[in-house]
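Top line first, the protein sequences correspond to chains F and V.
Read in order, the letters of the first sequence correspond to residues 1 to 249 in full-length UniProt numbering.
Read in order, the letters of the second sequence correspond to residues 1 to 425 in full-length UniProt numbering.
What the hints contain is simulated information worked out from the structure, not anything from laboratory work.
Think of the CB as a built atom: it goes at the ideal place given N, C-alpha and C, for glycine as much as any other residue.
Take these hints with a grain of salt, some might be off.
[Said to hold, decoys possible] Result set (EDC-like, lysine to aspartate or glutamate): computed pairs, CA atoms no more than 20 Å apart in a straight line:
(1) F:109 with V:422
(2) F:109 with V:337
(3) V:171 with V:337
(4) F:249 with V:422
(5) F:247 with V:422
(6) V:393 with F:87
(7) V:180 with V:337
(8) V:156 with V:173
[Claimed, not checked] Selected chain F positions facing chain V (Cβ under 8 Å, derived; list incomplete):
(9) 72
(10) 73
(11) 110
[Claimed, not checked] Label pairs and their in silico Cβ distance ranges:
(12) F:20 with V:48: 48 to 54 Å
(13) F:108 with V:359: 29 to 35 Å
(14) V:20 with F:51: 46 to 52 Å
(15) F:227 with V:411: 51 to 57 Å
(16) V:184 with F:60: 51 to 57 Å
(17) F:29 with V:157: 54 to 60 Å
(18) F:161 with V:48: 34 to 40 Å
(19) V:385 with F:232: 33 to 39 Å
(20) F:225 with V:385: 23 to 29 Å
(21) F:135 with V:408: 32 to 38 Å
(22) F:51 with V:45: 54 to 60 Å
(23) V:20 with F:29: 45 to 51 Å
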Amino acid sequence: MNFAGIDIGSRSIELVVVDEDEQIVSALQADTGFDPITEAEKLTEQCDFDRIMATGYGRNLFEISFDAPTVTEIKAHALGAKTLFPEAGAILDIGGQDTKAISLFANGKIRKFEMNDRCAAGTGKFLEIMAGALGFTIDEFGRQALLAEKELSISSMCTVFAESEVTSLIAGGENRHEIALGLHASVMRRAASMISRVCPEGAIVFTGGVAKNPCMITLLEEKLGQKLLVPDDPQLVGALGAALLSKGK
Amino acid sequence: MGEDYKSMWMELGLDLDGHDALLNVLAQAYNDIFLSQKDRPETMSYFDFVMSEVHGLRIRELLEEKKTGRKIIGSYCVFVPEEIALAANATLIGLCSGADFATDEVEKLLPRNTCALIKSSFGFKLGKVCPYLESADMIVGENTCDGKKKSYESFKSLVDNLYIMDLPQVKSEQGRELLKNEYFRFKKAVEELTGVTITADSLKDAIRTVNAKRAAVHRLSLLRRHDPAPISGLDALLANQIFFYDNPARFTQSVNAICEELEKRVQKKDGAFPAKTVRILLSGCPQAVPNWKLPAIVEQSGAVIVGEESCVGERGCRNLTDDSGNSVDEMMEAIIDRYFKIDCAIFTPNGERIDHIKEMSKTYRADGVIHYGLQFCQPYLMEAIPVERALEKESIPCLRIETDYSMEDAGQLTTRVEAFIEQLR
Ligand code: SF4
Ligand code: SF4
Chain F
1 MNFAGIDIGS RSIELVVVDE DEQIVSALQA DTGFDPITEA EKLTEQCDFD
51 RIMATGYGRN LFEISFDAPT VTEIKAHALG AKTLFPEAGA ILDIGGQDTK
101 AISLFANGKI RKFEMNDRCA AGTGKFLEIM AGALGFTIDE FGRQALLAEK
151 ELSISSMCTV FAESEVTSLI AGGENRHEIA LGLHASVMRR AASMISRVCP
201 EGAIVFTGGV AKNPCMITLL EEKLGQKLLV PDDPQLVGAL GAALLSKGK
Chain V
1 MGEDYKSMWM ELGLDLDGHD ALLNVLAQAY NDIFLSQKDR PETMSYFDFV
51 MSEVHGLRIR ELLEEKKTGR KIIGSYCVFV PEEIALAANA TLIGLCSGAD
101 FATDEVEKLL PRNTCALIKS SFGFKLGKVC PYLESADMIV GENTCDGKKK
151 SYESFKSLVD NLYIMDLPQV KSEQGRELLK NEYFRFKKAV EELTGVTITA
201 DSLKDAIRTV NAKRAAVHRL SLLRRHDPAP ISGLDALLAN QIFFYDNPAR
251 FTQSVNAICE ELEKRVQKKD GAFPAKTVRI LLSGCPQAVP NWKLPAIVEQ
301 SGAVIVGEES CVGERGCRNL TDDSGNSVDE MMEAIIDRYF KIDCAIFTPN
351 GERIDHIKEM SKTYRADGVI HYGLQFCQPY LMEAIPVERA LEKESIPCLR
401 IETDYSMEDA GQLTTRVEAF IEQLR
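Construct the entire structure; sequences and hints are all you get.
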């Protein structure tokens, strides 16, 4: 039998299928777009599985359309991360729309979690908009920021204000790399304080789209004083957790 | 509504369109949240009836009482002693403030970053949609949190019968003295309002009436210790809310009837939810009608709320007043003692509240505590962190929620609550 997990996030949808031995047999990804359910359906048609469980903010929509069980992103991430890295004591997940910090007991159960509220400050979306304002693609944003020699501090974390601040900094002739580093640093500080609030013990796994950003990894490692564990594909962790849960793990 | 109350509402000066809109929202929410629950106790039909007639029959009753010379006093806080009102031939009504209304108008008078409860109390007045407010002969505002006490200064321009009660913030001897003076001053004001002098007999009667009502709700609460919980948290919350509107004697009787049914349920192990359902204690800001958002999310996510550490709940009604005094003064002292125990977050320090939350978690066998704070409510939000810490020390998981009356964050809240429930399973 094969077991699938689908993570319907605000920016992207991930689908992971595992076999009886918990090995990943397929992993797919698509943009969420305007019609998450149709996108989800397209993904599910591309692979074979016997059971599926949904997670992510679109899980309830999926539950209604596909009559599938659901689990929150928090639990799915916790299990996904703990399976990839058995030494994990906490997870920091920075996705398109929200940031989560989760700490675990040694047995993998959730000890405590925090989640940002309503606004997009400090999430992937924030970085994406700032990259755009600076004329970088989101993929090169982190690498470019690492080239800066010093950090230019950004006073606002509100997406709207920060964007206009960036625009006027550029107009004032400031160095784009330094601005980029400053933006990364403010997101990092928020994330670091969130993860420290859940009192992590041991290794921290970094997941979500923002975990692909090398500058964010470097800054977080400096601040937290430890190496972060980053999965090869940090965006798949939630879907993997859901797949494992659908297997009954 | 079973009868046409339009002319009554018009005479009260309500804005009929706004009022209709409010009642529609209320009826819809009630339907979706309460009537859709499974395995409700049969005796809950009484509360359904009261809620369906909350702006109808109950108002008519109050207006009838008024014709006989009885006065109505509206209050926003459980520190306003019902015993004193009753003893002087007045009816005390808790004014609810549990929904956003006329927000644009409100924001002309109050800063945007004001807690939803205060905004709502203004909105109901500005929108002219609350028949209780409009029929009240006296409205009592109390100097509790900064938000409330400052907002009453503006509220005064909207109503001409606002009476301000000062309250202590420290549980010291001086604090008690202040409360004492204020309660005696209130007694005098109520006597002037009604033209009735409180006697030892009338006060004793009033204390007994209110005690009976509190004891009934407390009896209902205690039944929720059992697993499976015989009543949903939503239904129990409803009882705690109706506590503030209904005729006291009738309410007591009806709650006791519910208790009898629940006792049988407990014996048969019949629950509103299956046995072993995750049990939540809700703690924090008061939950006025129709603020059902968080409890609905919790129970729709598959947990059962087994207690409310709230003014609309145990904080407001757990203590009874000693009724053994023989003179008005003796009984007034007993009233002061009783109310001085309320552990509202406006008090500093307020360690009793943390102790009470711990105690309630044990009594009601909660698996976890959800601390509910209204956005911009300093007293409760500030206490949330020490509460969480203290609970963690006892290995009781705690989730801190900060929200308001809008539905904007419903998705986010659901995720948090569901994740918390998964954590407790
Ligand atoms: S929370 Fe405090 S101010 Fe509010 S009703 Fe309760 S006692 Fe009164
Ligand atoms: S105590 Fe908090 S919720 Fe209550 S009125 Fe004051 S600020 Fe609002």
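We went through each hint and held it up to the structure:
1. Taken as a hint, the residue 109 (chain F) and residue 422 (chain V) pair is honoured in the structure, with Cα atoms around 9 Å apart against an allowance of 20 Å.
2. Between residue 109 (chain F) and residue 337 (chain V), the direct Cα distance comes to roughly 45 Å. Violation of the 20 Å bound is thereby established for this hinted pair.
3. Between the alpha carbons of residue 171 (chain V) and residue 337 (chain V) the distance comes to roughly 11 Å, so the proposed pair stays at or under 20 Å and holds.
4. Taking the CA atoms of residue 249 (chain F) and residue 422 (chain V), the gap is about 14 Å. The hint holds against a cut of 20 Å.
5. For the proposed pair residue 247 (chain F) and residue 422 (chain V), the alpha carbon gap of about 17 Å is at most 20 Å, so the pair holds.
6. About 25 Å separates the Cα atoms of residue 393 (chain V) and residue 87 (chain F), which puts this hinted pair outside 20 Å; it is violated.
7. At most 20 Å may separate the alpha-carbon atoms for a hinted pair to count; residue 180 (chain V) and residue 337 (chain V) meet this at roughly 9 Å.
8. Annotation: proposed proximity of residue 156 (chain V) to residue 173 (chain V) is violated, straight-line Cα distance about 31 Å (limit 20 Å).
9. Hint status for residue 72 (chain F): holds, given a least beta-carbon distance of 4 Å to chain V, under 8 Å.
10. Of the supplied interface hints, the one on residue 73 (chain F) holds, with its beta-carbon coming within about 7 Å of a beta-carbon of chain V, less than 8 Å.
11. The restraint placing residue 110 (chain F) at the interface with chain V holds, with a minimum CB-CB distance near 4 Å, inside the 8 Å limit.
12. Range check, residue 20 (chain F) to residue 48 (chain V): about 51 Å between beta-carbon atoms, so the 48 to 54 Å window is met.
13. At about 32 Å, the beta-carbon gap between residue 108 (chain F) and residue 359 (chain V) stays in the expected band of 29 to 35 Å.
14. Between residue 20 (chain V) and residue 51 (chain F) the Cβ separation comes to about 49 Å, which falls inside the hinted range of 46 to 52 Å.
15. Take residue 227 (chain F) and residue 411 (chain V): their Cβ atoms lie about 34 Å apart, and the range 51 to 57 Å is violated.
16. As the Cβ distance of residue 184 (chain V) to residue 60 (chain F) is approximately 56 Å, the hint placing it in 51 to 57 Å holds.
17. For residue 29 (chain F) paired with residue 157 (chain V), a C-beta distance near 59 Å keeps the hint of 54 to 60 Å intact.
18. Against the hinted window of 34 to 40 Å, the Cβ-Cβ separation of residue 161 (chain F) and residue 48 (chain V) comes to about 49 Å, which falls outside the hint.
19. Checking the proposed 33 to 39 Å range against residue 385 (chain V) and residue 232 (chain F) shows it holds: the Cβ atoms sit about 38 Å from each other.
20. In this structure, residue 225 (chain F) and residue 385 (chain V) meet the distance hint of 23 to 29 Å, their C-beta atoms being roughly 25 Å apart.
21. Remark: the range hint 32 to 38 Å for residue 135 (chain F) to residue 408 (chain V) is upheld by a beta-carbon distance near 33 Å.
22. For the pair residue 51 (chain F) and residue 45 (chain V), the beta carbons lie near 42 Å from each other, so the given range of 54 to 60 Å is not met.
23. Between residue 20 (chain V) and residue 29 (chain F), the C-beta spacing of about 49 Å keeps the proposed range 45 to 51 Å intact.
Consistency note: the structure conflicts with the earlier hints numbered 2, 6, 8, 15, 18, 22.
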